[in-house]
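> Letter by letter, the chains look like this.
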Amino acid sequence: MTGSARAAAPGEVTRAGPLPSGGDAAYDVVVVGAGVVGTAIARALARHPLRIALVEAANDVGDGTSKANTAILHTGFDAVPGTLEARLVREGHRLLTAYARETGVPVEPLGALLVARDEQQRDALPGLAGKAGRNGHHGTRIIGAGELASREPHLGPGALAALDVPGESIVCPWTTVLAYATQAVRSGVDLHLNCRVEEVRPGDPHHRLTTRRGTLRTRLLVNACGLYADAFDALVGREDFTVTPRRGQLLVFDKFARALVRHVLLPVPGPLGKGVLVSPTVYGNVMLGPTAEDLDDKTATGTTAEGIAGLLEQGGRVLPALLDEEVTAVYAGLRAATGQEDYRIAAHPALRYVTVGGIRSTGLSASLAIAEHVLGLLTDCGLDPGPERPLAPVRVPNLGEAFPRPYRDAELIARNPDFGAVVCHCERVTRGEIRAALASTIPPGGLDGLRRRTRARGGRCQGNFCGAEVRALFEEAGPPTRKDGGDGR
Amino acid sequence: MNRTEGGERTVDRTVDVLVVGAGPAGLAAAARLAAAGAGRVEVLEREPAAGGAPRHCARPGFGADARGRPLDGPGYARRAVREALRAGAVVRTGASATGWAGPLALDVTSPAGLERIGARAVVLATGARERPRSARLLPGTRPAGVLTTGELQRTVELFGGRKGHAGRELVGREYVGRRAVVVGGDPVARSAVRTLRSAGVAVTAVVTGLPFVPTGFGPVPLLTGTVVTELLGRGRPTGVAVRGRDGRTSVLRCDTVVLTGDWVPDHELARARGLPLAPGTRGPVTDGALRTAAPGVFAAGDLLHGGEPAPVAAAEGRAVADAVLDHLGGLPRTTGTVPVTTVGPLRWVAPGLLGPGAAPLLVRAESRLVRPVLTVAQDGAPLRRERLPATLVPWRSVRLGPGWTRGVDPAGGPVTVGAEA
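Same order as they appear, the protein sequences are chains S and R.
Under my numbering, the first residue of the first sequence is numbered 9, with each subsequent residue one higher.
Under my numbering, the first residue of the second sequence is numbered 127, with each subsequent residue one higher.
Keep in mind that a hint or two might mislead.
What the hints assert, rightly or not - Derived lysine to any residue pairs resembling SDA-like cross-links, with alpha carbons at most 20 Å apart:
hint, chain 1, residue 1, chain 2, residue 2
1, S, Lys306, R, Pro269
2, S, Lys306, R, Arg362
3, S, Lys306, R, Leu358
4, S, Lys306, S, Arg270
5, S, Lys306, R, Gly361
Quick caveat, the hints were computed from the structure, so don't treat them as lab data.
Work the whole structure out from these sequences, hints included.
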């Protein structure tokens with residue numbers, strides 16, 4: 009952090025206890041949902057002298073769809089041209105690339121290869137290149153089997169050609185959300201966790217929100233509830249769309265697999281389904297997935313034997329040597345599908361309310377552009393944002409393998425020997441990093457939150473060696489805030 | 127600090143032997159080497175204390191001390207550390223070897239800073255771990271409280287009776303729950319059951335895919351021929367779905383799941399050095415003298431084959447010391463070059479190469495074989511075929527004396543070890 013003057017007094021982070029009440033406690037804007045979209049919106053609002061609250065049902069930021077995605081920063085080359093999504097992903101890619109550099113979020117611009125494995129897929133490549141052009145991405149190029157083999161020597165047999173898409177990047181989804189949320193809080197936004205909104209009574213000048221932890225009043229309201237955007241809309245009497253969770257199961261392979269792949273390997277979409285991608289992660293692993301299963305249950309984040317077997321079969325065709333390595337993590341995320349090939353972002357000026365729904369798998373890529381767009385919609389709803397002021401600076405811990413990490417930093421260790429004490433051996437996470445996360449602006453609410461801030465317990469042994477010590481450090485730090493109260497489930 | 131012209135760091139200092147891992151194998155190797163006058167012998171241990179896995183294994187069965195009193199794991203570990211130190215080895219804890227800086231040099235991180243340590247010989251004794259839930263590809267939800275025996279034992283040891291903050295995610299001693307299902311039929315499952323029961327945790331059942339296991343588990347029901355098909359529960363496990371030998375599925379209620387056995391060598395440094403892995407064990411290939419493919423780099427202990435009783439690992443540690451001494455003494459390197467693999471119902475054989483001298487083999491069966499006929503063949507031609515007066519079981523290795531590979535042509539092709547029921 010720099011020594012420059014704070015733009016505003018920092019906001020509060022609460023996890024339990026009563027919410028601020030009384031006449032002066034009304035907010036100008038309440039953003040409901042602290043995923044990548046909600047935190048980005050809160051951060052954008054924090055540039056203005058407004059009273060803002062970010063309200064989240066879970067006990068941490070980025071605890072829903074934002075934590076379980078493919079961690080790719082898309083260029084938007086394959087979006088439906090002319091849609092809002094296409095524009096926001098394109099802008100968001102540019103904005104997040106710059107923001108990541110500024111805040112320490114790891115990004116690796118590996119580029120993607122759409123690998124054609126049959127004649128039909130090969131014939132589809134020129135059309136995809138044309139679509140990319142209509143989306144403003146003019147750098148794509150079709151490459152033949154020879155160049156493909158030299159650029160990806162471990163590909164399985166049958167790869168005929170590929171569309172080379174420069175700019176497609178891998179990113180850390182966890183510290184992206186953390187950077188947005190931390191910057192928002194440091195710039196004056198109140199973050200209320202464990203705070204599910206159960207009822208909304210629209211009113212003038214203030215809406216009344218009944219939450220598990222009391223009542224909030226706000227002039228304007230933003231729905232960034234992700235999978236639950238339809239349910240929240242219903243609370244204010246809107247029924248514009250239904251969110252159908254689309255489950256994506258993913259396998260993360262051991263770091264030994266990282267040397268097998270150099271680009272994001274995307275399948276060519278075709279009539280037989282979208283297929284799965286094989287992609288490096290910024291943590292130095294290789295990811296395989298996702299499946300695409302339309303479900304009814306918005307909590308069905310479990311994995312299935314069929315899903316795993318299907319992924320292994322498809323992954324083995326793309327990159328046979330992948331299957332020789334151990335699997336480090338198996339998980340599933342739910343994308344917010346709404347039956348429309350675009351976002352469902354709508355302003356309701358009469359209600360002083362903006363719905364940010366249907367942010368499908370591209371929410372991470374588009375997040376910063378979505379936030380700017382929503383700021384405009386809020387103005388349409390009567391918000392006078394006032395003058396702009398600088399945001400408080402933020403620098404998140406680097407979780408990326410391609411960038412320097414504390415265990416290799418002699419000067420840091422000399423200043424604080426805790427940064428030389430490796431606790432999580434698989435991921436090389438030091439006691440210093442764990443303690444820093446536990447004492448940070450938004451401390452983790454649990455061990456999974458700690459993992460998303462440090463990588464601790466996220467490696468090949470999954471806590472066999474370090475689990476007990478990491479839990480001891482968590483205990484030693486005491487409750488994440490004095491107002492902590494349970495895990496919010 | 128020395129720097130080359132290009133700015134690349136050279137080694138900060140050099141020792142005679144660098145041993146990575148202060149478990150039974152590494153400590154035994156260090157003790158022998160230091161006693162034999164190998165010079166400066168330094169053992170790097172990434173954990174806060176030396177001793178390795180036995181440190182967490184508070185049960186008897188680790189032999190006896192000099193006065194004949196039975197040793198438990200921690201006692202065994204203490205003795206191993208003491209012997210290494212007495213012999214003159216340096217044991218450094220909290221020091222992580224993070225990568226190779228040269229053919230015989232390692233980068234080390236510790237609270238004291240970064241170090242690049244060169245050596246005349248490196249012994250890898252990095253051990254093994256049990257596969258966690260993800261590597262077993264167990265489907266279902268992702269609750270907390272699904273752990274390996276290793277994590278269970280460390281938790282019980284570290285937290286003792288300590289309780290975490292009330293009303294929070296269970297992170298401390300109570301992380302081990304109240305009712306557990308133990309998965310696996312290896313002897314380590316017994317160890318897990320013992321730890322759970324001593325911590326006041328009821329064990330619902332031991333579940334194993336094996337048709338039978340070495341022993342009972344006291345009052346704990348044992349379900350053989352049964353596999354876990356799904357983990358259930360959010361936040362905390364509520365149970366595991368299992369499929370029994372009759373094909374029927376049912377749910378075992380529990381709030382904790384302990385995954386035991388199913389070992390995988392901790393071979394990160396070995397692979398980072400580019401050492402080939404043996405297909406059966408996934409440990410680095412060595413010859414009979416425990417030399418790896420890289421001159422001056424040796425390997426011993428569970429790294430070679432996954433979990434074995436501590437005395438087996440310690441014996442390999444002592445054996446590797448002899449090869450290291452030869453290397454330090456400048457004896458010409460005559461590596462064994464004949465690969466040995468298994469066929470039929472044998473899971474693995476270690477080490478991966480035969481020679482240069484006659485050396486014993488460690489063999490693990492895939493299934494139970496009562497007095498099987500063991501076969502040894504080279505290039506497809508039978509060398510030996512003999513009934514073993516013992517029963518092979520999947521949870522215990524059998525040591526084949528050097529005689530079994532007598533007659534192998536050191537210039538010949540691959541040798542296979544097989545078994546017939």
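> If a hint holds in the structure, say so; if it does not, say that too.
Tested hints:
| no. | hint | verdict |
| --- | --- | --- |
| 1 | S:Lys306 - R:Pro269 | 17 Å, holds |
| 2 | S:Lys306 - R:Arg362 | 19 Å, holds |
| 3 | S:Lys306 - R:Leu358 | 16 Å, holds |
| 4 | S:Lys306 - S:Arg270 | 34 Å, violated |
| 5 | S:Lys306 - R:Gly361 | 16 Å, holds |
In summary, the structure is inconsistent with hint 4 from the numbered list given earlier, while agreeing with all the others.
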